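Chains as they are written, first to last, in our numbering: chain A, 62 to 399; chain B, 62 to 399.
Since the hints were made in silico from the structure, they are not lab data.
What you are looking at is a predicted structure, and each value in this text was computed from that prediction instead of being measured.
Incorrect hints may have been included.
Note that identical chains are pooled: a pair holds if it fits in a single copy or bridges any two copies.
Stated by the list, open to error - The calculated SDA-like cross-link candidates involving lysine to any residue, where the alpha carbons are at most 20 Å apart (straight line), are:
hint : residue 1 : residue 2
1    : Lys205    : Ile242
2    : Lys149    : Arg277
3    : Lys205    : Ser179
4    : Lys76     : Ser115
5    : Lys392    : Gln313
6    : Lys106    : Val304
2 protein chains.
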Amino acid sequence: MIDGHGDDLFHFASKIKINFSTNIPQSVDHSGLLTHLAKAGAIFKNYPEPEPRSVEQKLAMLHDVDAGNVIVTNGATEAIYLLAHAHKDGKSAIIVPTFREYQDACRVHNHSVQFITSLDEIEDTHSMVWLCNPNNPTGQVYEKERLLTVIDNHPATVFIVDQAYSAFSVKDVLSITDIMIRKNVVMLHSLTKQFVVPGLRIGYAVGPEEILNRLRSLRMPWSVNSIAIEAALYLLENSSSYVFDAALLHNQANRLSDEMRGLGIVVNDTDCNFLLARLPFGTSARLKSWLIQHYGILIRDASNFERLTARHFRVAAQTSQENITLIKALKEWISSFQ
Amino acid sequence: MIDGHGDDLFHFASKIKINFSTNIPQSVDHSGLLTHLAKAGAIFKNYPEPEPRSVEQKLAMLHDVDAGNVIVTNGATEAIYLLAHAHKDGKSAIIVPTFREYQDACRVHNHSVQFITSLDEIEDTHSMVWLCNPNNPTGQVYEKERLLTVIDNHPATVFIVDQAYSAFSVKDVLSITDIMIRKNVVMLHSLTKQFVVPGLRIGYAVGPEEILNRLRSLRMPWSVNSIAIEAALYLLENSSSYVFDAALLHNQANRLSDEMRGLGIVVNDTDCNFLLARLPFGTSARLKSWLIQHYGILIRDASNFERLTARHFRVAAQTSQENITLIKALKEWISSFQ
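One chain only, chain A, in its complex shape (with noise of 0.2 Å):
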């Protein structure tokens, strides 16, 4: 859904000092990419490969898996369609609250959709389930053994796994050994979050190579642009420069919640860098107007997703620095009510 999402940044951008309602930590250094795209020149001069090959090729040499078991699509959401177009007239169930784009995937590719709020709820006539792991925007992670044992009792339905937010987890995701190993799991993944990169768009899927050819049958062609996919094989070669302190974005997120509590709002645990609140009362679209008028903040107003209500809202750990003037902001819009 073209409205339904968080980053709104660019509604925003110039009142904008401080972006906590992107899921991804902001400090970053991009140079090196930046004087690789300026050194690469006019390759938009040129049609990209009609399928991002190359990028395939590199993403299976560093998971050790086969071309055929990857597919680099245009941000992992362009994968989520074509899975949904692969399973048209399917029936889906998705692990709510989530990320938007598989219900409206699903719509769009004419399934029945069943919402459900744990693995318990699975059934054998799900064709597919769609869920996120670490979840966005709960920020929390499936138990592995239990996400499995589930996978595994349900061979008939494909498991749609979202682990673009792996890169912050500390907890254990699955590997790509245990998608490899199976024939009704497909893995998600993003160059988006690992790189700091939502503006090019580069995802993939990684699955059993069945399913990832009727992706292909179904795609169209150039969808990945010349410059993301020059982009995408630096950020791949070059990666050792772009490694997160999970712990450390876990830690501050864990003190954020921390001072939340205690100015009354309820805070989900999490598992990962973001985390979901409640305000005890008033509404997040208020509080998100409020911090951008007055301290140049954006937060996610988290009232879209399925099944949250117009207190919830999102941030993602950034420095300490800007995380101590959101808990200053929160205060004082806070304390404007008594």
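For this one, chain A is given, so just place chain B on it according to the hints.
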């Protein structure tokens, strides 16, 4: 179809000195755009607009239509797939030989497809008609009044008129007014050809709001990346630096034709900068390999266009000097048979 295309420069990049395989002139100065993008810096650190509305608004202003009458897509290709999706299970007529994607988009969305070779074969039972104007690969432009009459004679049929190459046409193509006063025609366009940026993937459609709204309801978010949006806004603002002399290019294409005909090659009359040719013997595939090996010249083997043969190939006029080199090379190849 992922492998059904021409501009496969990426396969041979290091060997190619002159690229005749694309239908776009290659000599263009992109320094302004490169400087602009370098100044823009790490714009990929944030999500792009979910839909590229800033570019839609700019195009709407330039074309003097409402923003609701323009949809900006990941190349015209995304618009083609969305149109086929919006009319899924339909009955499509495609005037061939032509750009391969109409047929592939129709296949992916379960159309029954009839290949026709002229406007005379269109019937009221066709839910959609797809045509390219000027046509790729023939370079021919439909006689405008005749085309409009056919469109008006089939009011229940949606006509998709792809004018991606209109900047290179010496004949009148459909105008925005021709499109806007009708309810059954959608024009496709692209920045690819006019601005020589096929690697960026920016296309658009202009047409009735009711049809475009259906496309918007089916599209995925963020399909056009940040850099493509930034570049599109720059290019549209600076279009005066990217004006082609269509008459000059057409003259050069005609001169190429004359020379090729003198070598016994059959050449279609063209209304723009590229042309379709047929060898008197041998195959285009073999000619292509030979040209790469001996001259670093890339041509478009056109044998995979519907209704064409192993002897067909397509070239676009490049600089005079480059055109002379092509003729010299063709002469050498042909005389090697004698």
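Hint check, failures only: The structure breaks none of the hints.
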